[in-house]
Amino acid sequence: MDYPDPDDGSSSYVRKHIFISYCHKDRKYLNQLKSALDVLTHKNIHSWYDKHIKTGDQWNLKIHTEIEKADMAVCLITENFLKSEYIRDTEIPAILNRRQEGLKIFPILFDDCMWNLLDWLKEIQIFPEECKPVKEFSEDKQNEQLKEIARRVAETLGVQ
Numbered sequence: 001m002d003y004p005d006p007d008d009g010s011s012s013y014v015r016k017h018i019f020i021s022y023c024h025k026d027r028k029y030l031n032q033l034k035s036a037l038d039v040l041t042h043k044n045i046h047s048w049y050d051k052h053i054k055t056g057d058q059w060n061l062k063i064h065t066e067i068e069k070a071d072m073a074v075c076l077i078t079e080n081f082l083k084s085e086y087i088r089d090t091e092i093p094a095i096l097n098r099r100q101e102g103l104k105i106f107p108i109l110f111d112d113c114m115w116n117l118l119d120w121l122k123e124i125q126i127f128p129e130e131c132k133p134v135k136e137f138s139e140d141k142q143n144e145q146l147k148e149i150a151r152r153v154a155e156t157l158g159v160q
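Mind the numbering: the sequence shown is residues 1 to 160 in full-length UniProt numbering, read in order.
Derived from the structure by calculation, the hints contain no laboratory data. Because the structure is a prediction, the values reported are computed rather than measured. Careful: at least some of the hints might be erroneous.
Unchecked claim - Here are the simulated lysine-lysine pairs, DSS-like style, with alpha carbons at most 27 Å apart:
hint, residue 1, residue 2
1, 28, 54
2, 122, 104
3, 69, 51
Can you make the complete structure from the sequences, with help from the hints?
Next comes the structure, spelled out in structure tokens:
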């Protein structure tokens, strides 16, 4: 029986990288999202966030490196996210710069906030489409939303 060669460049074996941009105050939402996205590792889609920075790493350089190699940036949009100087002054400019090179941006509205005041964000389709924050859904509906996020992330990255 012939098995596909993982080095042949076929899309099912091409590793996809997701950079997750979030505010530390929203770790609860990050954990919910990570739980949903971890299912995608069997499709060779791997997510990265700052918890992967090791002692001794130059954290700012590491974050820039991960944005540079990402295929997608998932942004957890909350009031805390919008208030974060580091996200506003460092991560978002790097993400927007990479968008010109094909980086896909996947904003997720987790918390009620004034996201539509930001020019870069209001020009991108946000999830959920009805702009109702994920946290405002019932627990069952939140779980459905998180599964839908994982499905759409895979679809957007061209992975079936």
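Sort out whether residue 54 lies within 27 Å of residue 28, counting only the CA atoms.
Distance ~21 Å between residue 28 and residue 54 Cα, so the pair holds.
Residue 122 paired with residue 104 [C-alpha distance capped at 27 Å]
Satisfied, since the Cα-Cα distance of roughly 15 Å is no more than 27 Å.
Is residue 69 close enough to residue 51, meaning Cα to Cα at most 27 Å?
17 Å, holds
The structure shown violates none of the earlier numbered hints.
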